[in-house]
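Number of protein chains: 2
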Amino acid sequence: MEVESSTAGAMQLLSPRNFPGVFDSVDAFLFDCDGVIWKGDTLIDGVSRTLDLLRSKGKKLVFVTNNSTKSRRQNAKKFHSLGISVSEDEIFSSSFAAAMYLKVNDFPQDKKVYVIGGEGIIEELQLAGYTGLGGPEDGKKTAEWTSNCLFEHDKSVGAVVVGLDPFINYYKLQYGTLCIRENPGCLFIATNRDAVGHMTDLQEWPGAGCMVAAICGSTQKEPIVVGKPSTFMMEFLLKKFQIDCSRMCMVGDRLDTDILFGQNAGCKTLLVLSGVTTLSALQDPTNNIQPDYYSNKVSDFLDLLEA
Amino acid sequence: MEVESSTAGAMQLLSPRNFPGVFDSVDAFLFDCDGVIWKGDTLIDGVSRTLDLLRSKGKKLVFVTNNSTKSRRQNAKKFHSLGISVSEDEIFSSSFAAAMYLKVNDFPQDKKVYVIGGEGIIEELQLAGYTGLGGPEDGKKTAEWTSNCLFEHDKSVGAVVVGLDPFINYYKLQYGTLCIRENPGCLFIATNRDAVGHMTDLQEWPGAGCMVAAICGSTQKEPIVVGKPSTFMMEFLLKKFQIDCSRMCMVGDRLDTDILFGQNAGCKTLLVLSGVTTLSALQDPTNNIQPDYYSNKVSDFLDLLEA
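Sequences listed follow chains A and B, in order. Counting from 1, one number per residue, gives the positions in the first sequence under this note's numbering. Counting from 1, one number per residue, gives the positions in the second sequence under this note's numbering.
Using 20 Å as the maximum straight-line C-alpha spacing, the simulated EDC-like pairs for lysine to aspartate or glutamate come out as follows: (1) K221(B) <-> E222(A); (2) K221(A) <-> D284(B); (3) K221(B) <-> D256(A); (4) K57(B) <-> D244(B).
Partial selection, computed: residues in chain A whose CB lies under 8 Å from chain B: (5) G40; (6) D41; (7) S147; (8) P166; (9) I168; (10) Y170; (11) L173; (12) A195; (13) D201; (14) L202; (15) P206; (16) C210; (17) M211; (18) V212; (19) G217; (20) S218.
I should point out that these hints are in silico values taken from the structure, not numbers from a laboratory. We put the beta carbon where it would ideally sit given N, CA and C, even for glycine.
Throw the hints in and build the complete structure from the sequences for me.
Spelled out as structure tokens, the structure:
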């Protein structure tokens, strides 16, 4: 006969009853940004006060974002523009993760990196000592199918990094495909595979998962994923903050990236319903990713702490 | 004890010994175009004479192409420009297949079809009585992530057709994604899923499989595929030519589309090495799609018939 546990596997709504226990057992809160801190360029209600309160209670704050269009510096600037003070060191973006993946794997400095994605990736590559090609620069280029046309690509490209690219075009798809198919040993790195994201506050738009899938389709290869739910970033995070994973809580709005990342890393997990996941999607019997806790939004912390 | 057959499962090089038997047992030759008839805009050596010879011997010729950028009319024009006489009725393109799929499934005439792909799809949709949106017209459009920006899409779109699109952009990806995700019951139809193709004679370029995968990535849905290796077109072909599939031979340069299509339909299959498949790829132990026969190019028929 199996002994039933009253909590194992059962996610709980965050409440005045369970919150003090959660709060005391966590030294660092890891926050996703899009759908948790902001939607598009609009701050989610109460976020600023919540973060201030957590800091005042001695909690470490870390921002783990799959948004690759910005570098850590550019992300910090966005926080500041919304009136929130964070340092670059507190930000772990998938653009940074892509550059760090190359670094820890001793990617040669004389090899180049072709980028399908935003300026953030190019900037993080540069900071890590690498030369990025493509990116926004190739956004206006066209590829013509004229007879005897040979599309030339740089044979010294040793990695293709694919992230969210609002200026995706056939030129970039052909460039990346050629590098992966023809340059021996060329890596195919995906910043992340989010299907969609709140690129504006009113609507979801195709995410990096769209561009990554396109390159999978043309190369018939699978990428190395460095953003969530991959725990690749966790080793940097641990080195920086020296906190045991079991005393971290990952707060996110997506089951298949944020919550899975937290679970993969052995953190506590909290899903907020302020982003892409609805309560009915969370409670749907076909959903097999269950957070430890869920709540409407991060500012629920304010009431829960006062309760 | 199993009795070994000398032929079952063993593909054969086309030779003067086996060719007469093949030739006599076939009433219709089904040809793929790209890599078989031409590469880019260059006719493959000896094709014209071979087709003339086959016609003179009373064989039916059919051209089954996954190229969706052209309609049947535009494909016939390309044949003519290369000095080969074919009628539109002999051409079965995946652009035509997409329109026919809607027709046989009673897709309502008052619903619209959003097209990620070329003029060929739009033209075939029109000929079938449908209204196509998007296509080349949306090639220059841009989608901006400005605050409060709501990307509007037509709620009467009931199907998204995705084919090869050299002018793929984020606008089209967002439009197609919104229709599939938000319009109830909206179909997601792929003309084909070829990873790459000889869009020019010197090089392979990303094929429809690239754009189709992108939409799979953003919608997390799988498409209905109407081109090869799906045998959807076969019922039209049979109605037109009234020839038993076992007396047809599919001639193609791709294992995963042409040869699989022929096998799925119960035809004889002949792989030619004038396109994307090399002899070593064909003979690789990991390849599990084996044609009945293989040869260098279709004009080998000339020598084999004279031998």
